[in-house]
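**Student:** What follows is the residue order along each chain.
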Amino acid sequence: VQTRILAVEDDARIVRALSLALADEGHEVTGTETAEAALEVFDADRFDLVLVDLMLPGMNGFDLCRALRGSSDVPVIVLTARSDTHDVVAGLEAGADDYVTKPFETKELAARIRSLLRRTRSSHPSESERFVVGDLEVVPEAGVVRRDGEAIPLTKTEFFLLCELAEHRGMVLSREQLLERVWGYDYFGDSRLVDAHIRRLRTKVEPDPSNPVIIQTVRGLGYRLGG
Amino acid sequence: MTATEQAPRPARIGGLQNRVTITFAIGGLVLVTVLSLVTYFLAQRYLLGQRERAALRQAFLDARFVRDELEETRAGEAEILRSLVLSPGSEAAVADGARWTATTRTLERSDVPIELRDLVAAGTTAHQRIDFHGRPALVLGVPLVDEGVDYFEFRPMTELASTLEVIRNSLLVAAVAATVAAGLLGRWAARRALRPLNSVSAAAGRMAEGDLRTRLTRESDPDLDRVARSFNSMADALETRIERDARFVSDVTHELRSPLTTLAAANDVLRARVDILPVQARAALELVVAEIDVLRDMVEELLELSRAQAGADPLRLEPVYVGELALQVATRLGDSDFVVDLDRDLDATALLLDKRRVERILTNLIANAQTHGQGITALRVHREDGFVRITIEDRGPGVAGEDHERIFERFARGSRSRRRGEDKGTGLGLALVAEHVRLHGGSVWVDDVPGGPGARFVVELPWIDA
Numbered sequence: 001v002q003t004r005i006l007a008v009e010d011d012a013r014i015v016r017a018l019s020l021a022l023a024d025e026g027h028e029v030t031g032t033e034t035a036e037a038a039l040e041v042f043d044a045d046r047f048d049l050v051l052v053d054l055m056l057p058g059m060n061g062f063d064l065c066r067a068l069r070g071s072s073d074v075p076v077i078v079l080t081a082r083s084d085t086h087d088v089v090a091g092l093e094a095g096a097d098d099y100v101t102k103p104f105e106t107k108e109l110a111a112r113i114r115s116l117l118r119r120t121r122s123s124h125p126s127e128s129e130r131f132v133v134g135d136l137e138v139v140p141e142a143g144v145v146r147r148d149g150e151a152i153p154l155t156k157t158e159f160f161l162l163c164e165l166a167e168h169r170g171m172v173l174s175r176e177q178l179l180e181r182v183w184g185y186d187y188f189g190d191s192r193l194v195d196a197h198i199r200r201l202r203t204k205v206e207p208d209p210s211n212p213v214i215i216q217t218v219r220g221l222g223y224r225l226g227g
Numbered sequence: 001m002t003a004t005e006q007a008p009r010p011a012r013i014g015g016l017q018n019r020v021t022i023t024f025a026i027g028g029l030v031l032v033t034v035l036s037l038v039t040y041f042l043a044q045r046y047l048l049g050q051r052e053r054a055a056l057r058q059a060f061l062d063a064r065f066v067r068d069e070l071e072e073t074r075a076g077e078a079e080i081l082r083s084l085v086l087s088p089g090s091e092a093a094v095a096d097g098a099r100w101t102a103t104t105r106t107l108e109r110s111d112v113p114i115e116l117r118d119l120v121a122a123g124t125t126a127h128q129r130i131d132f133h134g135r136p137a138l139v140l141g142v143p144l145v146d147e148g149v150d151y152f153e154f155r156p157m158t159e160l161a162s163t164l165e166v167i168r169n170s171l172l173v174a175a176v177a178a179t180v181a182a183g184l185l186g187r188w189a190a191r192r193a194l195r196p197l198n199s200v201s202a203a204a205g206r207m208a209e210g211d212l213r214t215r216l217t218r219e220s221d222p223d224l225d226r227v228a229r230s231f232n233s234m235a236d237a238l239e240t241r242i243e244r245d246a247r248f249v250s251d252v253t254h255e256l257r258s259p260l261t262t263l264a265a266a267n268d269v270l271r272a273r274v275d276i277l278p279v280q281a282r283a284a285l286e287l288v289v290a291e292i293d294v295l296r297d298m299v300e301e302l303l304e305l306s307r308a309q310a311g312a313d314p315l316r317l318e319p320v321y322v323g324e325l326a327l328q329v330a331t332r333l334g335d336s337d338f339v340v341d342l343d344r345d346l347d348a349t350a351l352l353l354d355k356r357r358v359e360r361i362l363t364n365l366i367a368n369a370q371t372h373g374q375g376i377t378a379l380r381v382h383r384e385d386g387f388v389r390i391t392i393e394d395r396g397p398g399v400a401g402e403d404h405e406r407i408f409e410r411f412a413r414g415s416r417s418r419r420r421g422e423d424k425g426t427g428l429g430l431a432l433v434a435e436h437v438r439l440h441g442g443s444v445w446v447d448d449v450p451g452g453p454g455a456r457f458v459v460e461l462p463w464i465d466a
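Protein sequences, first through last, are from chains E and R. No gaps in the numbering here: position 133 of the first sequence is 133 in our numbering, and each next residue is one more. No gaps in the numbering here: position 259 of the second sequence is 259 in our numbering, and each next residue is one more.
Note that these hints are calculated values from the structure, not bench results. Hints may be right or wrong, so weigh each one.
Unchecked claim - Looking from chain R toward chain E, a few residues come up when the C-beta cut is under 10 Å (computed):
id	residue
1	Pro222
2	Leu256
3	Leu260
4	Thr262
5	Leu263
6	Ala264
7	Ala265
8	Asn267
9	Val269
10	Asp275
11	Ala290
12	Ile292
13	Leu295
14	Glu300
15	Asp313
16	Pro319
For glycine and all other residues, C-beta sits at the position ideal for the given N, C-alpha and C.
Could you put together the complete structure from these sequences and hints?
**Tutor:** Quick look at the structure:
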């Protein structure tokens, strides 16, 4: 099955080269040069994944991520020209699931796409029975988290992160372990990915995100599910 | 920095501060000496004049008494002299032709200077300072013309001499004190005058160490303020310029990223079809592939370097198990047969370091040992006093002495890696190591493996328990 990827990138040559390279991996790439055009195309058609360049003319990549997140949990990978902590973290906090720094190898990008798609397609994380964390009710089969019967919207990445921690409840998982289990590859020690997603997850599930009780930080080691 | 640096002129005695001090001290000494001498001579003249006038008055009275006695009583001269009431210590004598009568035996005619005797004999009252048996004294002569005798009186001047001596000593002490005081004043004034100079030199030193935001505080003194103002505008210009240079490097590398992304992707498409390419095209493609990799690494490292140098990426300290991390990187990159020598301490203790940077330091050093040093032979991590010391040894030809510093500069390919064709490095790896180590406040250097060929890279990072 061909996956359909929307690439939002103002450099037409990069889009052309990407669609050629990703075609070899079995992906069909549609390119748009602006965020505004991307939103139109995205609403009109169905895409399995979106690649977003952070530096776009007009509406920028961060705002596009937020706009996409408002209506969908489609996996988003940002393409950034800078590996500065600031840009990467801002992109992840705007709702992106992952990032690659230009120039990247197709292999690397393809691996990340594959791993994100795998997560999206299997809505069953390793644990399949429903469970309760604090006042949260998690239903893995349905892919939903409820508080007082009301669903909390989580992206797939956030949902998997929560389930991974739940499966090892009471144990500490290091950032590296979480990277490998949730993102699915041996990431070159970039704990920013984990930290940014944990932060987003906390704002959604913690009663008081600045004083987390459900997802606890264990200094120097990693994270642990409490509650 | 380069050719404009001038050697200092031959040093004069001990710097400006000492010269000012000495000048002040000499000035003080001269002034106080002149004043003391004038004071001393004025005091001496005044005191002497006063004493002489008093002595003369007394001598006249005594001479009149002797004359009256001689006229009225016709008593012997010795008897008359005995009845004289002289001031303490004074002696008197009468010269009657060749006869000499004195109040004491020790007083002889020869004690009176001959000129004074002649003057008195000629009928003139006279006096003179003499040395009387080793003591200063005043001798006064009054001619008693009617009686045909000369009256002489000796008055000791020891009291005056000791008064003068006290004055002399006081002035001497005052002169020494004034000289020292002038010297201290000079020192204080010099230090005060040099204070702005010291702050300029301290500020320039801070700038040289890389703190480009150093500025001098403005002074209220217009002369000093001019120095502060021009220093600050120089610092502004320098800072702008360095920032512009850094921004240029970073802009250029940024602009290179888009075409590189296109190249890398197109490259992958070609690589996937390498089998259907003619042999020559295949060989050409291999070259393109290799160079794109180098180009990409170079852009990556240049950006990282310029960001680190601009201070755009602050340290992100987190607990790091250095020994474990070093071993991980070394096993990933190195050959299997190298010595591993890790302190036991390091298994249990995590240090506060920037993990990403430490990993980069280790990766670059070990990769360097692999590409230029014919492989890593030993990895050592030890606890030193306040530091953790990481040592990486290789079996290569070593680094020539003159390259020990230069090898950590950008694109400084050491003599051992001149063969650019085989060299896959970017020329930035060690510069990046140096930059990341510097940010941690540590140090890095290279020397030779003791007793063998091979280079030894040593990194010291501060030991802060996490």
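**Student:** All hints, please: hold or fail.
**Tutor:** The hints, checked one at a time:
Evaluation of the Pro222 of chain R hint against chain E yields a violated restraint, the C-beta minimum of about 45 Å exceeding 10 Å. Because the smallest distance between the Cβ of Leu256 of chain R and any Cβ of chain E comes to about 8 Å, under 10 Å, the interface hint for this residue holds. With 10 Å as the threshold, the beta carbon of Leu260 of chain R comes within range of chain E, its nearest partner Cβ sitting at about 4 Å, so the hint holds. Interface restraint check for Thr262 of chain R: the shortest CB-CB distance to chain E comes to about 4 Å, inside 10 Å, so the restraint holds.
This hint holds: Leu263 of chain R has a C-beta 7 Å from the nearest C-beta of chain E, less than the 10 Å allowed. This hint holds: Ala264 of chain R has a C-beta 5 Å from the nearest C-beta of chain E, less than the 10 Å allowed. Restraint check, Ala265 of chain R versus chain E: the minimum CB separation of about 4 Å is within 10 Å; hint holds. Hint status for Asn267 of chain R: holds, given a least beta-carbon distance of 8 Å to chain E, under 10 Å.
The interface hint given for Val269 of chain R holds, since its Cβ lies 5 Å from the closest Cβ of chain E, which is under the 10 Å cut-off. A hinted interface residue such as Asp275 of chain R counts as satisfied when its beta carbon comes closer than 10 Å to some beta carbon of chain E; here the least separation is about 13 Å, so the hint is violated. Using the Cβ-Cβ criterion of 10 Å, the hint placing Ala290 of chain R at the interface with chain E is not satisfied: the shortest such distance is roughly 14 Å. Satisfaction of the interface hint for Ile292 of chain R is found here, the shortest Cβ-Cβ separation to chain E being roughly 8 Å, below the 10 Å cut-off.
At about 9 Å, the closest approach between the beta carbon of Leu295 of chain R and any beta carbon in chain E falls short of 10 Å, and the interface hint on this residue holds. A distance limit of 10 Å between C-beta atoms decides the matter here; for Glu300 of chain R the minimum to chain E is near 8 Å, and the interface restraint holds. Against a cut-off of 10 Å between C-beta atoms, the interface hint on Asp313 of chain R holds, since the closest Cβ of chain E lies about 7 Å away. Of the supplied interface hints, the one on Pro319 of chain R holds, with its beta-carbon coming within about 3 Å of a beta-carbon of chain E, less than 10 Å.
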